[in-house]
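Chains as they are written, first to last, in my numbering: chain A, 1 to 82; chain B, 1 to 185.
Just so you know, these hints were derived from the structure itself, not from any lab. Any given hint could turn out to be false.
Okay, derived cross-link-like pairs now, DMTMM-like style, lysine to aspartate or glutamate, Cα gap no bigger than 25 Å in a straight line [as the list claims (entries may be wrong)]:
#  : chain 1 : residue 1 : chain 2 : residue 2
1  : B       : Lys166    : A       : Glu44
2  : B       : Lys149    : A       : Asp59
3  : A       : Lys63     : B       : Glu14
4  : A       : Lys34     : A       : Glu2
5  : A       : Lys63     : B       : Asp15
6  : B       : Lys166    : A       : Glu2
7  : B       : Lys166    : A       : Glu9
8  : A       : Lys18     : B       : Asp176
9  : B       : Lys149    : B       : Glu108
10 : A       : Lys24     : B       : Asp15
11 : A       : Lys63     : B       : Asp176
12 : A       : Lys63     : B       : Glu108
13 : A       : Lys63     : B       : Asp113
14 : A       : Lys24     : B       : Asp176
15 : A       : Lys24     : B       : Glu14
16 : A       : Lys34     : B       : Glu108
Sample of chain A residues facing chain B (criterion: CB under 8 Å; computed from the structure) [said to hold, decoys possible]:
#  : residue
17 : Met1
18 : Val4
19 : Leu7
20 : Ser75
21 : Ala76
Cβ coordinates follow ideal geometry from the N, Cα and C atoms, glycine included.
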Amino acid sequence: METVRLLKEHEFPPELQKYFEGTKAWFNIDYIPKMTKVLAYHPEMSSTHGRCSRRAMVDGALKRCQKEMIAVAVSAINACNY
Amino acid sequence: MAHTAAGKLQGYPEDGYWYEAAYVYGITNGINAVADGLRIPLDFSNEPARKPLVQLVEPEAASEGVREIYKDIMAFYQVERVPNLFKVLAHDEGYLRDYWGAVRFVFEDRHLDRLTKEAVALAASLAAKSDYGTDLHLREVRRLGLSEKGILEVIQVVQLFSCYTKIADGLQLAPDFTELLHTSK
Numbered sequence: 001m002e003t004v005r006l007l008k009e010h011e012f013p014p015e016l017q018k019y020f021e022g023t024k025a026w027f028n029i030d031y032i033p034k035m036t037k038v039l040a041y042h043p044e045m046s047s048t049h050g051r052c053s054r055r056a057m058v059d060g061a062l063k064r065c066q067k068e069m070i071a072v073a074v075s076a077i078n079a080c081n082y
Numbered sequence: 001m002a003h004t005a006a007g008k009l010q011g012y013p014e015d016g017y018w019y020e021a022a023y024v025y026g027i028t029n030g031i032n033a034v035a036d037g038l039r040i041p042l043d044f045s046n047e048p049a050r051k052p053l054v055q056l057v058e059p060e061a062a063s064e065g066v067r068e069i070y071k072d073i074m075a076f077y078q079v080e081r082v083p084n085l086f087k088v089l090a091h092d093e094g095y096l097r098d099y100w101g102a103v104r105f106v107f108e109d110r111h112l113d114r115l116t117k118e119a120v121a122l123a124a125s126l127a128a129k130s131d132y133g134t135d136l137h138l139r140e141v142r143r144l145g146l147s148e149k150g151i152l153e154v155i156q157v158v159q160l161f162s163c164y165t166k167i168a169d170g171l172q173l174a175p176d177f178t179e180l181l182h183t184s185k
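Here chain B stands alone, though its shape is the one from the complex (with noise of 0.2 Å):
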């Protein structure tokens, strides 16, 4: 809550930049929790190598719905191959086009620019342990043009604040910012 506060006053005055970031973080725990739950191959850096507990639907045994789906994916992500979580969703071409929908709409460029949005899901992957997660997004952090010291500044924020989160749930400390948060725009 403090940090939402000090982003209000500090350039992302508007509700709309909090709430393009919380869908962010939420898009992005729940595909990892899925691909790192379910040991799907990392797309960038398959090492050491995953074999997945579930069956993935390739291009070449999807429906035509699929194919087309898939063709938006990998023109997104300027990709050759389409990540492998998709193809766990492509199990079920409804859920895969309305889920890639979200996913899509939650990271193009609004409020918050797509590097901004990267940058989020790469701090999250990493806070959550994720090894999917932070294959992905490292790789698009740099496709989409953060230097190496950008990257560091990441996970900087990533180390202290996992520090800071856990001494103040232990100490069981009530948010101090509450109120500058409402009065901000």
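Chain A with its partners taken away, still in its complex shape (with noise of 0.2 Å):
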């Protein structure tokens, strides 16, 4: 169970319902991630760091599908069931 309450949608500031909506079409997804949620808690952080996931998460040199698998790698040694 999480240490701290994740808050609602709608009690987040009104503007990152663009960056929530970005996610969900990043993700292919209808509602917003947990991990989404504790960034945007700060927007600051969401707003730096989420630029950051986005830049390194795209297709470049390595397609996005094997940057995935790599996330998986990397959790998977951090044993991280998230």
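Build the complex from these two chains, which are given one at a time in their own frames, with help from the hints.
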């Protein structure tokens, strides 16, 4: 169980809606992932770290699917179930 | 879990890809644990020099069977000298033969190509702070044609997700991509 209360979508400032919609489109889902909510608790964090994340995960020398697989490997090594 | 789901949506839809990736980071972690724990000298950039805590089986002292396995290992990695970790395993020829068989099976082209597997292994090594694995797999991704830009991309993903995983663990976030994961192929 989370050690913090994750805010509901309507509790975030309206200016984050564009960021949330972008995240839903990025993952092709219709809800906001918990990690997105965590980062959005402080919008400065979601904007800076979020941009780093998008920049790093788009197709480049490696395709996005390869990068997602690398992310899974890192998560496994770090023993993170999320 | 979130990124297995994302990866399934983005180009690796079948479980076969994910089994193979799991084999790659599992085997890599096993090799790295032993190599770093025993301070096995790095194969390509042994600075600062490491002195192994166990004796290595050099080719001239190896049995004919071990030398045959060494030849296969050197051909697979296209190197003149067998990587040092295998010289530890060579104290038990049967174990070396089977373990090398597993390593070779896991890293050969199948669902995933060898370069992708080496990139996964590099990431697993960086995440585990393994000098031995980072040295070996950095050499391998370069040999197999990954550009410096591609290597930087691996580094970025490792950095980002080493951050995300700690945030998720610290706040005890439960997975929220489970349903999506199991509705993928």
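Results of checking the hints against the structure:
| no. | hint | verdict |
| --- | --- | --- |
| 1 | B:Lys166 x A:Glu44 | 19 Å, holds |
| 2 | B:Lys149 x A:Asp59 | 12 Å, holds |
| 3 | A:Lys63 x B:Glu14 | 17 Å, holds |
| 4 | A:Lys34 x A:Glu2 | 10 Å, holds |
| 5 | A:Lys63 x B:Asp15 | 18 Å, holds |
| 6 | B:Lys166 x A:Glu2 | 13 Å, holds |
| 7 | B:Lys166 x A:Glu9 | 23 Å, holds |
| 8 | A:Lys18 x B:Asp176 | 21 Å, holds |
| 9 | B:Lys149 x B:Glu108 | 24 Å, holds |
| 10 | A:Lys24 x B:Asp15 | 23 Å, holds |
| 11 | A:Lys63 x B:Asp176 | 24 Å, holds |
| 12 | A:Lys63 x B:Glu108 | 20 Å, holds |
| 13 | A:Lys63 x B:Asp113 | 13 Å, holds |
| 14 | A:Lys24 x B:Asp176 | 13 Å, holds |
| 15 | A:Lys24 x B:Glu14 | 22 Å, holds |
| 16 | A:Lys34 x B:Glu108 | 37 Å, violated |
| 17 | Met1 | 6 Å, holds |
| 18 | Val4 | 6 Å, holds |
| 19 | Leu7 | 13 Å, violated |
| 20 | Ser75 | 5 Å, holds |
| 21 | Ala76 | 6 Å, holds |
Going through the hint list in order, the structure does not satisfy hints 16, 19.
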